[in-house]
Amino acid sequence: MRRLLREPLGVFGLGLVILVVLSAVFADVVTQFDPNRISPRDRFMDPSTTNLLGTDQLGRDLFTRVLHGGRIALYVALVSTAISLAIGIVLGLIAGYGPRWLDNLMILIFDAMKSFPTVMLALALVTLFGPSLTAVMVVVILVNVPGYARIIRTQTIALKSSEFVTAAQSMGASTGRILRVHILPNVIGPIVILASMDIPVVIAIEAGMSFLGLGVRPPTPSWGSILNDGFANIRETPWIAIAGGVPIIITTLGFTFLGETLRDVFDPRLKGR
Amino acid sequence: MLVYATKRLGLAVVIVSVAMLLLFCMIYLIPGDPASVALGPRATDAMKEALRIRMGLDQPIWVQFWNFYSGAWTGDLGVEVLSERPVLTVVLEQLPFTLALIAGGITWSVALGIPLGCWAAVKRGSLADRFVGVVSVAVIAIPSFVIAIYALLIFAVTLRWLPAIGAGDPGDLGDQLIHLILPSLAVGLGWVGYIARMVRASMLEVLEASHIRTARAFGLPERQITYRYALSIAILPTVTLLGVGIGQMLSSAVFAEIVFARPGIGRLVFDAILTRNFPLVTGAVLVTTVLFVLLNLIADLIVGALDPRVRSSF
Amino acid sequence: MSHDIKTGPSRRSVLAGASAFGAATLAFPRMSLSQDGTVLTVRSYSDLQILDPAYRLSAPEGDIMRAIYAGLITNEPGDDWTWTPYGVDMIEQLDELTIAFRLRDNIGFTDGYGQMTADDVKFSIERVANPENESPYAGDWAALREVEVTEERAGLIHLNEPFAPLWNSTLPTTTCSILSRAALDALGGRIATEPVAQSGRYLLTEWTPRQRTVLRRNPDWAYEPGGYDEIIILPIEDPSTAELGFEAGDIDYTWTAVSSIARMQETPPEGGVVVEKPSLAYVWLGMNKDVAPFDNPNIRRAVQHAIDTETVVDAAYFGAASTSTGIIAPGLPGHREANLYGYDPDRARELLAQEGVTDLSITLDILNQSERLTAAQVIQSNLADVGIACEIKQNDSGTFWTLGSEDGDYWDQLQMIIGRFSMEPDPSWATVWFTPEQIGVWNWERFDNAEYAELHAQGLTELDPSVRDTIYKRMQDIMEESGQYVFLTHEVTGVLHRDTVEPGLKPNGEPLLGEFRPA
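Here the protein sequences come in this chain order: V, U and X.
Mapping the first sequence onto the working numbering, position 237 (from 1) lands on 267, and the numbers just tick up by one.
Mapping the second sequence onto the working numbering, position 72 (from 1) lands on 460, and the numbers just tick up by one.
Mapping the third sequence onto the working numbering, position 304 (from 1) lands on 355, and the numbers just tick up by one.
Same shape as in the complex, but just chain V (with noise of 0.2 Å):
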């Protein structure tokens, strides 16, 4: 942790992080507008006093709008990347662990999962399931988890062959403790800091899709969503674009600096990924 706050970098980014943070956790005290409450006659407003980032085309606050979007980023950014941590290990051990053919299936798949633009991926995803932030998640997934089991993959068949394992087998322990007790708990380390660099790539996504119109759906106030609003009403007023794309700056600058530090520090071996 000391180093970490060595690096100018690594603070800053950490800042930015507990800035966003702290402002979606705490949107409700902060503003006092509920984000959702229209009202056309007082639309496309100025920032002022009472609306620090003016109002957008039904006359709500952007302010408070942008900070209950960050609930949302953070919230599909750190359930969705778990869940493919989750799903990706899994697979990545069964893989790496398992017989031949199944790793050599699972591989196939994985790769051709990967060669499709995640965009189009999207558009079909959602396109099956309605906009949501279900889909989504679902989306964000189906994106993250190839890399993740690949990776696990690789570390669990090195692991396969050292000595510890070799040893707990020819000693009869079961296949899910070696992978419980023995090859889990060495793969997991660099994975979770790999895939705490990926959020601000969830985020992009869910802020991609929402802007697409694939994503929450109206009027919960992603930033995606807000910067579609924007875009869409640029000729009356700049704020609303900005108030969307902004925060969507800030807070995958701040986790990528965060992450990016936090793997130099402890892990250099990842820098090649």
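Do not rely on the hints blindly, as some may be mistaken.
[To be verified] To give an idea of the chain X side of the interface with chain U (calculated C-beta under 7 Å), a few residues:
# : residue
1 : 261
2 : 295
3 : 373
4 : 447
[Said to hold, decoys possible] Only pairs whose alpha carbons sit at most 25 Å apart, straight line, appear in this in silico DMTMM-like list of lysine to aspartate or glutamate:
#  : chain 1 : residue 1 : chain 2 : residue 2
5  : X       : 340       : X       : 532
6  : X       : 328       : V       : 266
7  : U       : 395       : V       : 141
8  : U       : 511       : U       : 446
9  : U       : 511       : U       : 596
10 : U       : 511       : V       : 294
11 : U       : 395       : V       : 133
12 : U       : 511       : U       : 437
13 : X       : 340       : X       : 397
14 : X       : 524       : X       : 388
15 : X       : 524       : X       : 212
16 : U       : 511       : V       : 37
17 : X       : 173       : X       : 236
18 : X       : 524       : X       : 513
19 : X       : 524       : X       : 505
Because the hints were derived from the structure by calculation, they are not lab data.
Being a predicted model, the structure only gives us computed values, none of them experimental.
Note that beta-carbon positions come from the ideal geometry of N, C-alpha and C, so glycine has one too.
With chain V's structure known, arrange chains U and X on it following the hints.
What follows is chains U and X alone, placed relative to chain V:
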């Protein structure tokens, strides 16, 4: 080398086939009926059924898939639902625009990334180096569609330096190039960061290497050392990186095509899914996937040719 | 109603123009294509997909077909729905069941198919009317018995029964484009994307898919010429992108998003003229009576009272459009003066309390278009005020247009919908979609009323406009009484054109390409 290439090619084919199968499964589940969309509101059930039969949509899904798959090998991707033009023709019409966009993106990333990486390596440890480091990370972090939107708003709308929409006049190359500048910047900017870092890291490794020290000892000017030796080594990982980056650039290209209202494969697939133009969707995604896998393959082969260690470990 | 196939979501690519940020000076001179007054560049909202008038899919195709195929008559530009001869020298309704026509001399078909004869008229009309050909526009000639050829270029159209919409929504439209029998026989099927035997003021000379279509003046057209030598059509789905293209000088004519009208009238783009035309389209909020909770008429009535239509329309269109009183716009027989059930949230709450309803939750399906979305959010807020939770579901066009169709599997879950249909200038074109026969086809609210159906049939054969007026008014009353409909707006058509261009527009703002002239 030939063995390696063949193995990789074979693998690529299998991957594409599996991807197609997955795609077909997904599409099968999508709600919405192409016949209704194609024929409009005044169509009777009989008309829609007739169209479905004509399009082969009444067959069981595995028959449809087999027809599609076997046809694909001969370049017959079926006809699209609405205008009954061959899918391959439609896709090939749109493909050059996306390729241009990706090429433009690569150009930007390389044009900005390599010099930046070089500079950072040469000025190692200095403020300039740190600055490049920060900027590299920053452009990687920011989502490309945000870059696209803000680039458009700043350069096309506020400053009016560059055009905002479309691909330019067909037949006027200069106009088309101008229209390419902003969108390809949006596509390629993220990769400037990766390339800069990669180039910097490779160069640093190389600059310390023994044969370089020897060259220095022989009195070769520093600049020549930098450009001639170190840089050529840096190209290798750059190519690998680009191979990986193509897939992501394709995603960014879709956003860029939407934001800048350009024609292209990304837009094509987007529109096709919306209009439930299934033959067009499968055909376009097939072409895109093949493209992606092919580019990856080429990148791998180049790396394999340049670096024998890779070949033997495959 | 024409099914406007949007080939992409219009929520994206809304781009700013110079007007918001100051004067426009172009850094790069664009090829101003209308400089010498003989080239006109227009924008259409979708690319052409088929050039067979009997199977046209969208309005832009109709616009092109009107220019390249001579019809019997065509609409006149202006503010009233009048027609003017196109292919005919004379056309007259002799009695309720007979129309006589004589073609102009000297109208030729391209591709060597000779002169247009009355037999071609017979062929073209009967082709559309023939149920075996499965034309979606067969209904426009539902009353046709046959077309009789009396001379080489003259004939009689015989009807089975009087048909009121004939002069409004059949004869002047591209349903009556005249095709060459010989050419279609040689083709052996439908015209695809390559036109065959063109005969109109213009010829389609070039089509680059998804990019542009070029029409050139037909040198063999001997009568009123079009105003421009060349018309270039650029398909741009999103109206705001089109607006930007206009400002960049790339196009001379486009229509605007309704929500842009207010802003454009305030600060028009340089060299641009903004015209507002009343639209015949109709937008409404519909409730499906076969799905709970809308099977309860009191709940439907409550919703009718809960919606503040003024605010909905004001918010969605930024003040450019006004509220409507039905599906028939002002100017047509049947237009109502007022709604029966207005905004009354207290009454709404009363009704809901009366039904003992406490936590109702419904889904509102809409097309994912920004004006629709804004309207839906106001509706959502109105409903929240009376205690109903409303979830908005945006659908892309592929899904949306099949939501209520019994071909799909959502029709029995669809609760509430914001619908919009476009219109031809005959009231029957509005009411036909809500007849019992259309249940599961286009009548997604599953509105089922026998009196309504009878009145609709009556309206088709009733030729007296004041009787029709009463009939169609009553039909809308019935619709509103059922509780299944809240009439929102007719929108408004916003047209943006260069001041060097005098557009030829129908009264509802739709373009007549052959009538555009240099100003």
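Practice item. Under 7 Å, Cβ to Cβ, is where residue 447 of chain X needs to be relative to chain U, so tell me if that hint holds or is violated. Key: 4 Å, holds
Point to revise | Agreement of residue 524 of chain X and residue 513 of chain X with the hint, judged by alpha carbon distance not exceeding 25 Å | key: Given pair residue 524 of chain X, residue 513 of chain X holds - Cα atoms ~14 Å apart, limit 25 Å.
Practice item. Under 7 Å, Cβ to Cβ, is where residue 261 of chain X needs to be relative to chain U, so tell me if that hint holds or is violated. Key: Check passed: Cβ of residue 261 of chain X comes within 6 Å of chain U, closer than 7 Å.
Point to revise | Satisfaction of hint between residue 236 of chain X and residue 173 of chain X, Cα-Cα up to 25 Å | key: At roughly 14 Å apart (the allowed maximum being 25 Å), residue 236 of chain X and residue 173 of chain X satisfy the hint.
**Study point:** Given hint residue 446 of chain U paired with residue 511 of chain U - CA-CA distance at most 25 Å
**Key:** 66 Å, violated
Review point. Is residue 328 of chain X close enough to residue 266 of chain V, meaning Cα to Cα at most 25 Å?
Key: Within the cut-off at roughly 23 Å; holds.
Practice item. Please work out if residue 340 of chain X and residue 532 of chain X have their alpha carbons no farther apart than 25 Å. Key: Status holds; Cα separation ~13 Å.
Check your understanding: When the nearest CB of chain U is found for residue 373 of chain X, is that gap smaller than 7 Å?
Key -> 27 Å, violated
Check your understanding: Are residue 524 of chain X and residue 212 of chain X close enough, with their CA atoms no more than 25 Å apart?
Key -> 23 Å, holds
Practice item. Verify the proposed pairing of residue 524 of chain X with residue 505 of chain X, using a straight-line Cα cut of 25 Å. Key: With a Cα-Cα distance of about 14 Å, the restraint between residue 524 of chain X and residue 505 of chain X holds, given a limit of 25 Å.
Review point. Would the pair residue 511 of chain U and residue 596 of chain U pass a check requiring their Cα atoms to be no farther apart than 25 Å?
Key: 14 Å, holds
Point to revise | residue 511 of chain U paired with residue 37 of chain V [C-alpha distance capped at 25 Å] | key: Since the Cα atoms of residue 511 of chain U and residue 37 of chain V sit roughly 19 Å apart, the hinted pair holds (cutoff 25 Å).
In summary, the structure is inconsistent with hints 3, 8, 12 from the numbered list given earlier, while agreeing with the others.
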